[in-house]
Amino acid sequence: MRRPLIGFGLAAVALFGVAPLVLGDFRLNLLAKYLCLAIVAVGIGLAWGRGGMLTLGQGVFFGLGGYAMAMHLKLADAGPGELPDFMQLYGQLDELPWWWRPFANPVFAMAATVLLPMLVALLLGLLIFRRRVRGAYFAILSQALCAAFAIFLIGQQGTTGGTNGLTDIRGFFGYDLNDPLNRRTVYFIIAASLLAVLALTWQLIRSRYGELLVAVRDGEERVRFLGYDPANVKLVAYVAAAGMAGLAGALFVPAVGIISPALIGVVPSIEFVIGVAVGGRASLVGPALGAVAVAWAKTALSERAPSAWTYFEGLLFILPIVFLPGGLASLARLRPSWRRRQARIPAEATP
Amino acid sequence: MLKRTMAFVAVAATFATLTACGAKTDESGAASPDGAVIDTSGPTVKVGLLNSLSGTMAISEVTVRDSLQLAIEEINAAGGVLGKQIEAISEDGASDWPTFAEKSGKLISEDKVAAVFGCWTSASRKAVKPVFEKNKALLFYPVQYEGLEQSPYIFYTGATTNQQIVPGLDYLKAQGKTSVYLVGSDYVFPRTANKIIKAYAEANGMKVLGEDYAPLGSTEFSTIVNKVKASGASAVFNTLNGDSNVAFFKEYKSAGLTAGAMPVVSVSIAEEEVKSIGTQYLAGQLTAWNYYQTTEGAANEKFVKAYKAKYGADKPTSDPMEAAYVSVHLWKAMVEKAGTFEVEKVKAASDGITFDAPEGLVTVDGATQHIHKTARIGRIGDDGLITEVWNSGQPVKPDPYLKGYSWATGLS
Amino acid sequence: MTLVLSQLFTGISIGAVLLLIALGLSLTFGQMNVINMAHGELIMVGAYTVYVLQQVISGAGWSLLIALPVAFAVAGLIGVLLEVSLIRRLYLRPLDTLLVTWGVSLLLQQLARDVFGAPNVQTRAPEILTGSIRITDDLAISSSRVFILVLALAAVAAVTLVLRTTPLGRRIRAVVQNRDLAAVSGLATGRIDRLTFFIGSGLAGIAGVALTLIGPIGPAMGTNIIVNAFLVVVVGGIGQLKGTVIVAFVLGVLQSMVEYTTTTSVASVIVFVTIVAFLQWRPQGLFTLRTRSLA
Amino acid sequence: MSGLTIRGLTVTFDGFVAVGGVDLDIPDGDVRFIIGPNGAGKTTLIDAVTGLARAGGSVTFDGQELLGRKVHRIARMGVGRTFQTATVFEELTVLQNLDIAAGWARGPLTLLRTRRAVPPEVEKALETVRLTAVRDSPAGTLAHGQKQWLEIGMLLVQNARLFLLDEPVAGMSHEERDATGELLGLLSADHTIVVIEHDMDFLRRFARTVTVMHAGKVLSEGTVAQVQADPRVQEVYLGHAVGEAV
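Protein chains in written order, with this note's numbering: chain S, 1 to 351; chain E, 352 to 763; chain D, 764 to 1058; chain P, 1059 to 1304.
Please keep in mind that the hints were generated in silico from the structure rather than gathered at the bench. Please note: incorrect hints may appear among the correct ones.
Have a look at the derived ranges for each label pair, beta carbon to beta carbon [as the list claims (entries may be wrong)]: (1) S:132 with D:931: 27 to 35 Å; (2) D:821 with E:392: 31 to 39 Å; (3) P:1128 with D:931: 38 to 46 Å; (4) D:818 with S:82: 52 to 60 Å; (5) D:947 with P:1171: 43 to 51 Å; (6) P:1176 with S:304: 27 to 35 Å; (7) P:1148 with S:127: 44 to 52 Å; (8) E:609 with D:899: 44 to 52 Å; (9) S:181 with E:554: 45 to 53 Å; (10) D:947 with P:1123: 33 to 41 Å; (11) E:662 with S:304: 18 to 26 Å.
Computed list of lysine to any residue pairs in SDA-like fashion (alpha-carbon distance at most 20 Å, straight line) [as the list claims (entries may be wrong)]: (12) E:487 with S:24; (13) E:463 with S:235; (14) E:549 with S:88; (15) E:754 with S:92; (16) E:549 with S:27; (17) E:653 with E:560; (18) E:578 with D:897; (19) E:748 with E:707; (20) E:485 with S:235; (21) E:549 with S:156; (22) E:626 with D:819; (23) E:754 with S:91; (24) E:626 with D:880; (25) E:463 with S:27; (26) P:1128 with S:235; (27) E:485 with S:92; (28) E:748 with E:499; (29) E:485 with S:78; (30) P:1128 with S:91.
Stretch-level coverage of chain E by chain D, calculated; a stretch enters the list once three of its residues show a Cβ under 8 Å from a Cβ in chain D [said to hold, decoys possible]: (31) 557 to 567; (32) 622 to 629; (33) 645 to 653.
In this text the structure is predicted, and so the values were computed from the model without any measurement. Each residue gets a CB set at the ideal place from its N, CA and C atoms; glycine is no exception.
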């Protein structure tokens, strides 16, 4: 049990010590964005790798968190009693719609970034898991949900900003985001959140619940005969993953300055999964590292050859999943498995 | 165990705060108060080209990139700007708005470019606008758009609404059309354009018989066309974008609707789109732009010839390409008038700059940072080219907020 | 009344398009539980086949007719290639197949972009398919839609005939109903899988040919339709041809009716919500294959 | 009324009658073997009792109706079962398997904490099913017989009072069969046990009572000797090698 702690220490030193010293403002800001994606990936790793639920609908939860945060920041930018800029331009409204109003309160908005996605996931999960919708059905249903949510947001231009989304976010709880120092602080908040999410997931994975979740993944019906309702077991992981996606969405807003339906639809939602598959779906840090690596590769490659990136992305979906289902994390495990140690993978695979 | 982990995070966070403070002084020189830092140390000056080279918008934006590169080549061949050759750094926006924001940040802070040219969709412009404003860097935006914007760090070389939509409506009114049906994609430009059209119609005795929006990328138009047909409108105003146009016009023709009986005025169909939809479905329909490949004049002949020589005889030129081409030349003229690449001085020098563009003479309006452009209505021919059937006679002064139109007072 | 009728026909024609694009999926998804996200790109392959053929054959009508079998063969072969090289390795990992075929769809799209260029390409339709057929004075229905409806029904009939009457069909049905039993009974399930995949992908090619009549032909054309196609299959019930047919038409009519009274966006959202609600009621789809399954 | 009572149980699949009106009484502490040719409806009977298959009629256990309840509710009432092919969680260790089986009543707080010690009932079950030595091995690496024992161990810690065992000794070696038989004898002291089995030799040695099913109905019932003497049973098994293991 020492190794995970050492891994944690290394990660903390890398994120808080090395990265800010080595990277310039622009690259550090990029890293902040990648870390947001990593937070989503940790949740997907939990739901998919540990729980067997391929959630192709994380965009919805990411979006809910992001919009909740962006709505508050837009209201704060506009000042009390004022409408956000886009509403004045495109809306037909003279006053704030009722469902915007609570977001003026910073505490409510912050809570909503995580709780709102979790609540939606809870309701959806109750419907879906109780009716034993799973596997392919679950995956396709969650995709359809993304598509519907994105179309819905786009259609409400006057109140959601439509395709544009909510842009031009200038302040973050009173701090000016134009100030490089404040942007740096945002990076640190994101890095700390990632570590906290990793710690939380680590605890979940190694708890009795974590063992039960794996059991449900491998034999949902069997677990039923042991007196458990698998729907509840899955629900916990699904809701936790949704909360993480919401948190990531909320942090994405100050880091990138925009949240839009383009981050919610079918394509971005499936792209969230790619890093998880590459890094190792069932491991703890695999998904996070995979997400950061893929996002970094996207930036690096598309700066050189845009069409090469699409080919590369296609291959990223194919090669690791076909030939290395355990992802890169399974490479790190090769040695211990020779010694036929426990086949339990996750908790030990910290970097 | 959890407690220990939490303690660790807490320690790490403290460490972080310390590093953050330490970094404070090193980084303060990054953005100067007079505008973005521009790297002019070498024999060249860098500019950024920011277009979607992949994804759904690549269809249109690649042609803009090509056209920008043509202009840069011409300028370099003629000796460059202020004696420096232009070095273009092309970035892919990947049809994804946050990526546009990311890449513009990279061009400004890492490459230290003197100006960025590009963006197509309003959403991508809205995404990068704060980046340019924050860094006090320049963006030249070459596409017709919905107006209602005037960023101090963006020059708009495409048409604003009073240079495209309003003349389109004037033309329909002059043709005796008394009712219109509005069809558009579900995003900012069509919704704003239609708001303007409704205000115009009300003031000019035209009837708006219906208004429909299809999600971007939607290719199922049978219901909308049914509605259009049932409305009996005398014309259709089309603000659809991209793929949707193909499906819409195929359905339109299938429903037995013709350009003679119920013409469609489109504001997003240029020569390139005509080619991919097919004249079989489009011949006779109308478009509203400021430039066509067939526009007369020596400047256009030169432009079309140069473009075809570089990219192939079968490649048409279109309005956004021309506006992009013009934007580089205007920037050069501004820089040379200012005698420096410094953003604030370039902006200050911009008012009154003229250029003998392929579309005719254009003049920069320093107050709005838009340009005076001639409005032109065209008809799509069987050969896929668009020929002008009407023009505004002289360049129209840009009016992004439609302040000069009494019927538009309630709009913004 | 005329409006209701014409809207009803619109709904049926939307349903016909849905049916045509979902038919092949119904086969592959039903038999192998394989979620082929590259199905949309196989449709794209069919559409580009028309484009390529029209470079060679000038008559729009002939080229379209010839394109039907050619597109079937080309898309079918690509499907088989996909099955042999990738999908076979992922037997029993249906969710992984979903991601892998998504990767394949990205590759095929970019390939199309590099070969044919990013812009949409243009194909010619025979004049007879660009007009409309007049039924009464106010009611006219578009001839391309009629063509697609006929094509979709013919495809369903052909697939039904193959499944019901030929030895191959019997084998396919045996594998759908109980793969292990079929394998134990000496059926070469691998070969049957490949054949099913050929037919299913080939049907995508035919759908692509039909889509050139009504929509754009470009690298991204597949992504716009794939989710809807899957929903049709899922709601219809896995391995249930009649479910796919009924659901396609019901969704088509629902979409067109709701869209007529509201907007396209609202209609799409309502259709999605209806589907989620429906799956609450029947999580296995409209029709289910009932067998005694072990835990 | 204690024990398992089945009245008029019917199960149909799409018109096919798998179980057609079965009455069965299994008193507390019985070791009941259910035999019958393939397709007689034995496994379906268990499926119906445990809530997996929808059925008509009535099934009561300790006076409480089981039919219409959900699978996990029935399990919580003390009805446990195993499967023809041993189904354990192969990626988890033996200990983890047992710990999960012992845990449905745990509260959320306990679940979210890490297991610190081996619970005493798990410790005891490990010894009973003789798996203490392989406690930390993944269940997937166990021998076939060990997996069946693990399943029985899971029933033990689950606090099941009624064990429904579906062909527990199929594919086992002689030694393993004997050990399993002894285990059943041990367990019968405070559990009611129902075993579906084809192995006639095993049946003769360990059954207390036997029910013979055929074509969805109960054909005969009684002690081993009584059943073997029943001419109808001989008729059904005619042509079948008696004692054949499938």
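Violating hint indices (sorted, rising): 2, 6, 7, 8, 13, 16, 17, 20, 27, 30 and 33
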